[in-house]
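Novice: Below are the chains, spelled out letter by letter.
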Amino acid sequence: MRYITFVLALCGFYALLSGQFHNTFLMAVGAGCIALIVFLSARMALVDEESYPGNGVILRALFYAPYLVWQVILSNIDVLKRALSPALPVAPRMVEIPYSTRTAFGTVTFANSITLTPGTVTVEVGEDTMLIHALTAEAAEGVKDGSMEAQVKRLEGTK
Amino acid sequence: MEWNELVTAAFLALGCIFSLGGSIGLLRFPDFYARLHAAGKTDSLAQALILLGLIFVSPNWGVSFRLVIITLLLLFTAPTATHAITKAARLDGLRHWQKGGSDE
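Quick mapping for you: the protein sequence lines, in order, are chains A and B. Using this note's numbering, the first residue of the first sequence is number 1, and each one after it goes up by one. Using this note's numbering, the first residue of the second sequence is number 1001, and each one after it goes up by one.
Do not rely on the hints blindly, as some may be mistaken.
As the list claims (entries may be wrong) - Label-pair restraints from in silico Cβ distances:
| no. | chain 1 | residue 1 | chain 2 | residue 2 | range |
| --- | --- | --- | --- | --- | --- |
| 1 | A | Val47 | B | Leu1091 | 25 to 33 Å |
| 2 | B | Trp1097 | A | Ala28 | 25 to 33 Å |
| 3 | B | Thr1080 | A | Arg2 | 20 to 28 Å |
| 4 | A | Leu40 | B | Asn1004 | 38 to 46 Å |
| 5 | B | Pro1030 | A | Val47 | 22 to 30 Å |
| 6 | B | Val1007 | A | Arg102 | 20 to 28 Å |
| 7 | A | Leu40 | B | Ala1088 | 29 to 37 Å |
| 8 | B | Lys1087 | A | Ala31 | 38 to 46 Å |
| 9 | B | Thr1077 | A | Val38 | 22 to 30 Å |
| 10 | B | Trp1097 | A | Phe25 | 55 to 63 Å |
| 11 | A | Leu36 | B | Asn1004 | 35 to 43 Å |
| 12 | B | Phe1032 | A | Val38 | 17 to 25 Å |
| 13 | A | Thr24 | B | Ala1088 | 46 to 54 Å |
For the record, the hints were derived by calculation from the structure and aren't laboratory data. Heads up, the beta-carbon is just placed ideally off N, CA and C, and yes, glycines get one too.
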């Protein structure tokens, strides 16, 4: 099942990037390349749960993306305001927060999302806690309240 | 000017404002970690705004598609890179700046 999606994705990617539908030779070369890539990936066991978590995730990601984009915009406005404010209102701190995402994909998404949210950067990902560098106390509280973790878990499909 | 050029100009201007703000933050913030907030975050939005803005003046759909792919790639890699840099600093034992001195 994963391999079908993988092949389809590669075909679509090649077709859209090359755009040479009328050129039979280039299309044949593309098919050859895709076959080789799939063969090598299979030999290296790259197509697994970690690299491709399933079709459901792609659908749910469509709902997660707007939320994340909004967070990115908020976080940029936040940085801009702090950088331009004469008083430079920052009080950096390190906080440890627990996390409970179950899949590697979910954990990576959560860590990256924290980096993109206002005032926080993920420094270290441990066994069951993450070390966060927060610009302000409010930013640290914002991650602790768990609303983003709930969003990521919905994306994962474990909630 | 055509309407699409105006849209592109607006996107590019916004991208530049965020990029400039990030650079100012990079200079003004107190320590390495705080500076990465400024650099890492504004980067991702500024590049997205600039690349997506260019879609409105791209000559055909192939170019637009490539611009979207590049934007997505950078949106995935930017926070990962920020994390890699902070983690390297952390492993190297760099302490973070705190108001009124470090208590770590």
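Novice: Any hints this thing doesn't respect? Which numbers, in order?
Specialist: When the structure is compared with the hints, numbers 2, 5, 6 and 12 turn out to be violated.
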